[in-house]
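J.: Given next are the chains, with one letter for each unit.
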Amino acid sequence: MVPYIPNTPEEQQQMLQSLGMNQIADLFADIPEHLRLQRPLDLPEALTEPELLRYMGKLAQQNINLDQCVSFLGAGAYDHIVPAVISHLTSRGEFLTAYTPYQAEISQGVLQSIFEFQTLIANLTGMEAANASMYDGATALAEAALMSCNITRRSKVAAAANLDPQWVDILEVYLGSQNIELIRVPYGSDTGQIALDAFDLKTGSELACMIVGQPNFFGALEDVEQIASWIKGSGGLLVMAVDPISLGLLKSPGEYGADIVVGDAGCLGNPISFGGPSVGFFAVNGTKLIRKMPGRIVGQTTDRDGNVGYVLTLQAREQHIRREKATSNICTNQALNALTATIYLALLGNEGIKQVAYQCAQKTAYLRRKLVEAGFKLRFNAPVFKEFVLQVDVDWEQVNERLLEQGYLGGFPLKSAVPELADCVLIAVTEARTRAEMDQFVELLRGCR
Amino acid sequence: MLLLEMSKPGRCGYTLPKLDVPEVSLDELIPRSYLRETEPGLPQVTEPEVVRYFTQLSRKNHGVDVGFYPLGSCTMKYNPRVHEDIAALPGFSRIHPRQPESTVQGALQLMYELDQCLAEIAGLAKSSLLPAAGAHGELAGLLIIKAYHKFNGEADQRREIIIPDSAHGTNPASAQMAGFTVKEVPSDQRGGVDVAALREMVGPQTAGLMLTNPNTLGLFDENLEEIAAIIHDAGGLLYYDGANANAILGITRPGDTGFDIVHFNLHKTFSTPHGGGGPGAGPIVVSEKLVDFLPSPIVEYSDGRYHFATPKHSIGPIKAFYGNFGVLVKAYSYIRRLGAEGLKSVSENAVLNANYVMNQLKDDYYLPYDRTCMHEFVLSGKRQKELGVSTLDIAKRLLDYGVHAPTIYFPLIVEEAIMIEPTETESKATLDVFIQTMKTIAEEARRNPEQLKSAPTLTPVKRLDETKAARQPILKY
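Chains as they are written, first to last, in the numbering used here: chain C, 1 to 449; chain S, 1 to 477.
Some clues are possibly wrong.
As the list claims (entries may be wrong) - The calculated lysine-lysine pairs, modelled on DSBU-like cross-linking and capped at a C-alpha distance of 30 Å, are:
(1) S:Lys-468 - C:Lys-325
(2) S:Lys-468 - S:Lys-385
(3) S:Lys-453 - S:Lys-468
(4) S:Lys-312 - C:Lys-415
(5) C:Lys-156 - S:Lys-385
(6) S:Lys-385 - S:Lys-453
(7) C:Lys-370 - S:Lys-18
(8) S:Lys-385 - S:Lys-462
(9) C:Lys-354 - S:Lys-18
(10) S:Lys-312 - C:Lys-288
(11) C:Lys-325 - S:Lys-8
(12) S:Lys-18 - C:Lys-377
(13) S:Lys-150 - C:Lys-354
(14) S:Lys-183 - C:Lys-292
(15) C:Lys-58 - S:Lys-344
(16) C:Lys-156 - S:Lys-183
(17) C:Lys-288 - C:Lys-202
(18) S:Lys-312 - C:Lys-325
Note that these hints are calculated values from the structure, not bench results.
This is chain S alone, in the form it adopts within the complex (with noise of 0.2 Å):
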């Protein structure tokens, strides 16, 4: 049942307090012409119908609060709910984005905390808080790129930017929004960058590379700083893509590797909730170098106060306001809250469960990259494949055990792909569980392949016919 199908004439679920102006007749302050004819098409529902139709639909939905959700390259970690309370401050959720500096200090003084905090943890100079997401950074970091190049004289030779084969496909597309020609980079056996074919790449086109790492294996490229140099002898700029940070936390940072432009996914690293799809943030933190090239606005100290500035060769505003500053109030409380050690604890944790699990699961699935993993590992579905189940159908059975299915079907350099990330948040019972129900399920491939065909049985529907969905797309009530 949806809401339009719920509502009847004559009821509502919010009353304002009466209209306490003298009214005038409409005619009066808008032509006629100007005004809605048709009715806005909105249900006529009360409060606590309201109230129950989203609790009931909560209930069909799974969220890290419910269960287990190893979703690789999501870091799907438990979000304190004290970040929630701090968040809803009237000082912080009922601020105007245009009220004097004067008035917003605390915010801006936050804002330029979170900045220097990011900075050291990136291992570079200052950020940009603007950004809305991961792939927001994305094209920030690269129009910064671009406005290098130009600055430099070089804009219009400077067009490519190298992506490897495992990157996440935010990537690639904000490479093209940005203007830019992508070129891809094969992985070697290893899983890592093939440095050889990196090094034909790369000349006096390349305006930079964009690097995820851990990548999207979970590997730690062992040959970062070749790789770096490859890059910087070419004269491009090294783009870190922080979406797998929760990894290297106070154990090693970008900026000391060389690399040029990060952007962190607060929504993941730092513990901000997902809430189904966003809001997220996706901050940039830059060398020194390029910090005259950050967006506008940036919060400054001087003179006792904090201020909005903008720099020098900015490439402009990406996004209204200040970026999601609700957000932004999360992330910084999470770092606080932890501190360094807390924060150090976080990736080793995170490195040492999905080690844990991945040791314990590569006798059931085929591991490709047999080596030591950071916060996530992938496996692949192949051998269950050649029984005639899926990973898609090893997905969806996970979701009968109440647990999140891993991301699967990337990296796409990984056939069957299955991408477990357990996080820190986890307990060594909650994996322990995970593994067996894994292993059950690799049983179940083998012993009665139709059970896991027809999987998930207990869940809120089946499975769902997205062929039907895409093809005679229903989009609205």
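Just chain C, same shape as in the assembly (with noise of 0.2 Å):
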């Protein structure tokens, strides 16, 4: 008996003989015999809701949480605040079982929240459009990629040597599959920054796009202008990827003159979980860019009365009408994630978002200044925000686990992602850490010398 299948036995008899049919089997009767399974599926028995709470629960405890722990982990996933209020919110039936709104009338939940993500991304990023999401950020970045081909029919694409080598792996698979030639541009050994003087300029008539974090995967702040005015001179487009955290401080890419910026929301209120599902964000400026984004786009409009609605629009870019000529395959995206960052942006407000981003900068700042005092290296020069690389003459993965012993998750060893920063970590402080547990967490670096 499963209790999510109402169907009483009499009832099954009562559809099958309406059907004409005498048994269940019969239903199946334009399966081949021989492709029928002749067995039960080789699965675990079934379990009745306390048994799997049990089973499932002894799964969750053999991992540490970040409530066991003092993380310090970041690299593309934070542990920052999550207002109580949220879930709650984004438990509601309505929202969390409902499809993509392809009824607009009876979706009308979901389409405004989709219009309230795009307005809350669009004046966060500065720019004049968002979409409804996209899978997360690496992805939204590959899509910006592919998109900025698209747009200026060139087939090269930049991007900086300093962003996230996961997401610059993801783009290279993208990017592989239309032969579409990634080159890197190399950063300062010193800054940590984009090294324009390094790289040779003129190849930026060949460019699609430069693509720049802001900060970058070292948490290094990009003199942005520069590049900016350099790729644009060049025909090419600026493609930002922002923490969209470090808006409620940083100059918006809007005012940097970017044409598509992309991001990971999943710091905005979402759950960590082992980093999914999170949610990317698309902005863009121009008509023209707004015709070719990819992804769901929700827009205002008026029903017969004159009241204002909202609908799923410019459909004519999307999978289901033009197919093959889409500007993407996506269709699910990531809905409830981007409400969850919503609600969050919704509740920090403007004075909120710039508290956050304040703090994380003024404790990143604090533990800095600790581990210079205790004697640590910092590695690159340059302003960062909420992330910084430090040198160390150590084993880090030995240090880590030393840490760990005192409820500590030390930072990411950067020794296979970023080779020829063997000897460093990178090390994430957000809003969430406390003074007291960064001076702990010095001195038991100290200890561990």
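From these two lone chains plus the hints, build me the complex, please.
T.: Below, the structure written as structure tokens:
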């Protein structure tokens, strides 16, 4: 008996009889007998709810979670404070159990919330328009690069060598499938920032876009103005990958003249959840770009009586209309995570987002000062946001093990992700960290030397 | 009223703990030229306003929890709430993707076990849990097809992916994204792939075939083995779009028919809530010969420990970290809750419900393929069209009766298509009410077409002007 299947045996019989059938197997007559599975699936035995809770609870307990330790891990996922009220709203069945809002008249809740998401993302990034969401920041970036090639009719993409290596690997997979060349722009070995002077700027005339992380993977802030004027002067697009939290403090991509802005909005109120589900955002400037965006877009309109309402719009870009000529294959995206981000941004508001960003900056600066005072070396000298690279002369993985014994998740060792920084570690500090935690972290590190 | 219209300076909906480190001047940290000069443009509202705003919004939305949702090809079944509780356990929701493997053994074990379950259900060898949605799984699968042919030195030659004209739009869009040329194969009179046409199309240029089965007409392709043989004999690979897998759990397995790659939509077949448009998950499962090409990372088990690994000829990563892990937790919970017998019962009842409704409606609506269907079926509104009532009008009228409309105007090969998927979690009583409602609407189309054309009238807004929205796009406040 499955408690989610209401048909009783009597009802099944009635329904079969109405079809002129005697048994369930008759329904599957189109499947040749020898293709039908002649045995039960070899799956673990069914569990009742309490048994399931016990089993899954046990698996969950085998993980060390962020409530049990103090984390300085970042590198693409961050331990930010999550307001308690968010999950109470997102767990409402009307949001949780709805499909993509194809029938607008009974989907105004989801549609209007997506319109809010588009509004808040566009405002925060300083752009004209944003879409309904992407799978995550990394795939949003890959789609931005593909779209740049589509817009400019060029087939080379430049990406800073200081972007998240994982995002670049994903970018390479997406670009490789369409034979688009990826060119890496080096970073300065002292600054960690993009070093345009070490790059052949003439190639700019062949580039569809230049991708800049702000902050970059090392937490360092780029001098975007210089990069913007070069790439735009070369006829390419400026694509920025940004941390949405940072925009409470940092100049918006729109102010730099960015053409496409992407990022991961998982950090806006979503549980960290082993890295997913997160949510990517995608914002652009200009009508031409708006009409080439991937993904769902919600627009405002009116109903027969002139009342304001919302619908999915500009669908002529999409796969269900254009099939192989669509701007992307994306269909299902991350609506509930976008709703989460929307509620987070609504709760925080202008002052709240500024405060989160400000606290991240101040606390990061505090930890950096403390580490330097303790004799540790910062790898780069550029200004940073929320994250920085520490150069260490010890085996960091061993250090991490010892830290873990004390309830600390140390930074992310760069040995395998960025081979040239094998002796370095990436440390993230969010507003969720306290002075006491940081002080003790420094003490523990001192002891590990 | 939108959030920014409610906004008042001086309000906020959340406060942070006081900054507990000595402050330094911001100028010392970040050059002024890097700082924002404009306001972030967010609303300033309090928590109760936010709660009421979103609660009111939710009341303007239909979900499976609210009422019947027979949206074809979307499998809008009930989503058990205990799965939400499980995914929210701190041991799942509060773990960081960069933690050492030794500290996330439970998460890896879950992924490994889910992988094995999906492989058994598909009749194939090994899964990648990375894809975030069905279309994302398609892309991954197509890149595997490409990598496989490249490995065999045939990448330049095998450039065509064959896709039936009844396929979801994501299939051709994914093939294009993966760098293939799309060739469309027509459907035959019975609604399956036109085998003769397929035979004509294949050759040394064939990279593979993407097939949705049961297809979007809700029909199991009777020539499945022949189709598989034609593609394999031509040297192509077989991709199985599992969007409609709710019909086949424990009944038949794509791998046993010769398919090389399958994707499942966990947010359809395995009951994870769709969230108004995601998050979903579209894991792929592949045959033994393709395991080495899977996206990275996969989860392996050796020496008593679970660990991430990169397959030998991996196509690379396609998504940050490990996929939509929270969704995987819910899907695995569902599989464990139901077991083999429960899953088979899911498909049996889904197919029974669909056939029951189809049979009751075929006198009132034209049924283009009058055969036993699987978990869904497609009607045509062409009789009503003759009365001046479109399928869109019928769909909108259903909203007035508190039912979400079926998928409409799809598949493209059926005129005025109405695609209905009841799912197994609906009772006969609900189906009977729906049948009666559809009959009433057919009657209304005969007697009072105007009533349908002005529908819906009982919804939070009346029929919305989509043309206006596209012509003069207003995409933000």
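J.: Against the structure shown, which of the earlier numbered hints fail to hold, in ascending order?
T.: 5, 10, 11, 13 and 18
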